[in-house]
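**Q** Single-letter residue listing:
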Amino acid sequence: MAISRRKFVKIVAGTGGALVASGTPLAPLAQAQLSTELPPQATGILYDATLCVGCKACMSKCKAENNVPGGALYKKGRSTPPYEKGNLEANNGIWDAPRELSGDTLNIVKLYKNGSAEVKDRAVNGYAFFKQQCLHCISPACVSVCPAGAFRKDPENGAVYYLAERCIGCRYCQLACPFGVPRYEWDSAWPEVRKCQLCRHRQEKGGIAACAEACPTGATIFGKVVDLREEAKRRLALRPGEEYRYPIQVVGSKDWTLRGAAHYVAQIYGLKEAGGTQNIMLSGISFELLGFKNNIPNYDLPRLTWAYISKVLWVFFWVFATGTATYQITHRKKDKEGQS
Amino acid sequence: MIDMTRYAGQTAGTLLNRLLDDSVSRHLGIKLDTPLTRVMLSLIALAAVVAGYRLVFGIGAASNLNDQWPWGLWIGFDVLGGVAMAAGAFMIAGAVYILNWKKYKCIARASILNAFFGYLLAAISITLDVGRSLVIWHPLVMWQINSIMFIVALHLVLYLSTLATESSPMVLEKLGWQRALDGVHRIMVGAVMFGVALSLLHQSSLGANYLIVPGKLSPLWYNKHLPYQFLASALMMGFSMVSFETILTGKVFKHSVPFDVIKGLARGIMIVGSFYLVFKLFELVQGPGLLAPFDGSLEGGMWLLEMAVGVVLPLLLLALPSVRRNRNKLFAVDILVIFGVLFNRLNVCIFGVARYNTAFGGDYFPSAMEWILTLGMIAFAVLGFKLCAKYLNLFPEPH
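Chains as they are written, first to last, in full-length UniProt numbering: chain Z, 1 to 340; chain U, 1 to 399.
Heads up, some of the hints might be wrong.
To be verified - Here are the simulated DSS-like cross-link-like pairs (lysine-lysine), alpha carbons at most 25 Å apart as the crow flies:
1. Z:Lys-272 <-> U:Lys-174
2. Z:Lys-205 <-> Z:Lys-75
3. U:Lys-105 <-> U:Lys-263
4. U:Lys-216 <-> Z:Lys-110
5. U:Lys-216 <-> Z:Lys-293
6. Z:Lys-85 <-> Z:Lys-75
7. Z:Lys-272 <-> U:Lys-216
8. U:Lys-102 <-> U:Lys-216
9. Z:Lys-311 <-> U:Lys-224
10. Z:Lys-293 <-> Z:Lys-272
11. Z:Lys-205 <-> Z:Lys-224
12. U:Lys-174 <-> U:Lys-254
13. Z:Lys-293 <-> U:Lys-224
14. Z:Lys-85 <-> Z:Lys-110
Note that these hints are calculated values from the structure, not bench results.
Using the sequences and the hints given, assemble the complete structure.
**A** Structure representation (structure tokens):
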């Protein structure tokens, strides 16, 4: 190659300089890692499975309230909420029968049943209801993995929301979510990712999550996460059968039902899972039986990938430094030949 | 030869004439009109129809992917596999341009072009895999630096451009554009270094994609050094792919590369392969335990298959002097390694997450359209390479 060493060093220095210049947007790297702290005004949901009677009012309200502009199910030109037929032959589309979370269903109440299913909230020969939806992680994996920043965490109330206009549809969020929450509109040619966004559009107007508003028993209540955690701890401290005023719709509400406490398993699901979530759950039987995985790490997942990303710029630096040094050594002889 | 100046005007016609002048490769005796070419052309045509269908009707209509299986064959084979198959280029380019190992110069152009097609395959497939193909450029302007996928996207575009730059002298020579050629030569060493850095990152970041799923990916594959395992296996794959392609072109074209070069590549497979074997066993002992693959499960079987075909068997064969001295036997070793590493990528993407996904009622087998597109992409890469071999000076005579 007809190129002098001095010239070459110049070129490498130039390339390196351009690289550093182009790397300027990487300067705020230090702040890039997602926060592991609960946002100051974080809101969420406490779902107490022992209070749930399986009426599915939450599901119905969720679908209706999110099918409006700003809602998590909104689609231009669609007036009625997207009902699912659920493979039921008799279902002519006038009632909603989802089997799973889907591109049309953001929360779902399911039934656990064992043996003769006689007693509620008992693992053997018992039954229980449970609810699946986005748990709104404090450090959400979906937010950290999205290459176009289509998933965001509200800096105030901490709701994890979605910006369809940014999404490219790579579905990394689906892979990354430890709870298997985000769903895709597989039957659409221009699909969106769908998941609960904690009724962010209602919260903006001072409202609460639609499911909590619809729940008649107080199984689903809305409120500040710190208050919900306190409420959950109080319930865990109750003796089975002890009478307790269960608030309705929101934590600390003036409306309540008086009833005896169930036998709770000693776990608040969402306190530690994936570094903590804003939606938390209580149950009478183990969460594993309800399909909630117990092998979810109790730390923020984005740190796993950040450990890699934080090394990226060093690789460039290292390759250009050692590459230039090596080039100098391996091409020394040729230069001398050229000079002589 | 047809004189293009009659159809395309003087300027464009002269350029076309120069490009279509196949005298550079006359000694290779490449025939284009063969049954294999026809098969490949029909596969490409079918794949083009599938791509059109996919763009019009959506990813759900074209594939069997679902909420439990968001990633399938196109990611596992075309993207993870295609990129791994392209790993040879940065090593050969680095050896020739930075380490000044002159003996590999005769295969530099071919291995870089090989990588170019590998990356092109990955780029086209991921474009079709994402649900909103028309806005796949979003990550390039909407930076989200916490995302491995953002790093992958950025590197894919940058490295594809780097490979195009590294390959451009072949085209510029033919066009006789001396000034552009000088310009490319001037930045070549910088481009090669850039390519080395990008490749090290890109190969490992495909593994880093999976760092975030400790609860989903089987512990047989998941560990916190997964990016480095991806890199090590990609290096092994890179050596094998270059060796495979060198021996193959030597067989089908009238062209021969000194055996010394192939022996050097085999040594590369041995060194990286031994390291990779120890690395994999170390992580196995650290994680699920040495006996975990023998539990009779599907995952265990796939792990054993991947390691036996891609690592253990090739290393055992390479330990035999009779294999190391024989072109055909080395060819077989290359094929084993290539299949083994491809198995590894499919295992991470598909079989390694199967237990988790099926626990949630998911089921996945690639649809006919997914298969056709993948086959079409392979045909596209092979035929593209062949066309370049015919019309460009792909195999400069060894010095």
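**Q** Against this structure, judge whether each hint is valid.
**A** Outcome of the hint check:
1. Z:Lys-272 <-> U:Lys-174: violated (64 Å)
2. Z:Lys-205 <-> Z:Lys-75: holds (21 Å)
3. U:Lys-105 <-> U:Lys-263: With a Cα-Cα distance of about 15 Å, the restraint between Lys-105 of chain U and Lys-263 of chain U holds, given a limit of 25 Å.
4. U:Lys-216 <-> Z:Lys-110: holds (23 Å)
5. U:Lys-216 <-> Z:Lys-293: holds (10 Å)
6. Z:Lys-85 <-> Z:Lys-75: Holds, because 19 Å separates the two Cα atoms, which is no more than 25 Å.
7. Z:Lys-272 <-> U:Lys-216: With a Cα-Cα distance of about 18 Å, the restraint between Lys-272 of chain Z and Lys-216 of chain U holds, given a limit of 25 Å.
8. U:Lys-102 <-> U:Lys-216: Violated, because 46 Å separates the two Cα atoms, which is more than 25 Å.
9. Z:Lys-311 <-> U:Lys-224: Holds - the C-alpha atoms of Lys-224 of chain U and Lys-311 of chain Z are around 14 Å apart, at most 25 Å.
10. Z:Lys-293 <-> Z:Lys-272: Holds: Lys-293 of chain Z and Lys-272 of chain Z sit about 13 Å apart, inside 25 Å.
11. Z:Lys-205 <-> Z:Lys-224: holds (16 Å)
12. U:Lys-174 <-> U:Lys-254: Since the Cα atoms of Lys-174 of chain U and Lys-254 of chain U sit roughly 21 Å apart, the hinted pair holds (cutoff 25 Å).
13. Z:Lys-293 <-> U:Lys-224: Since the Cα atoms of Lys-293 of chain Z and Lys-224 of chain U sit roughly 21 Å apart, the hinted pair holds (cutoff 25 Å).
14. Z:Lys-85 <-> Z:Lys-110: Satisfied, since the Cα-Cα distance of roughly 16 Å is no more than 25 Å.
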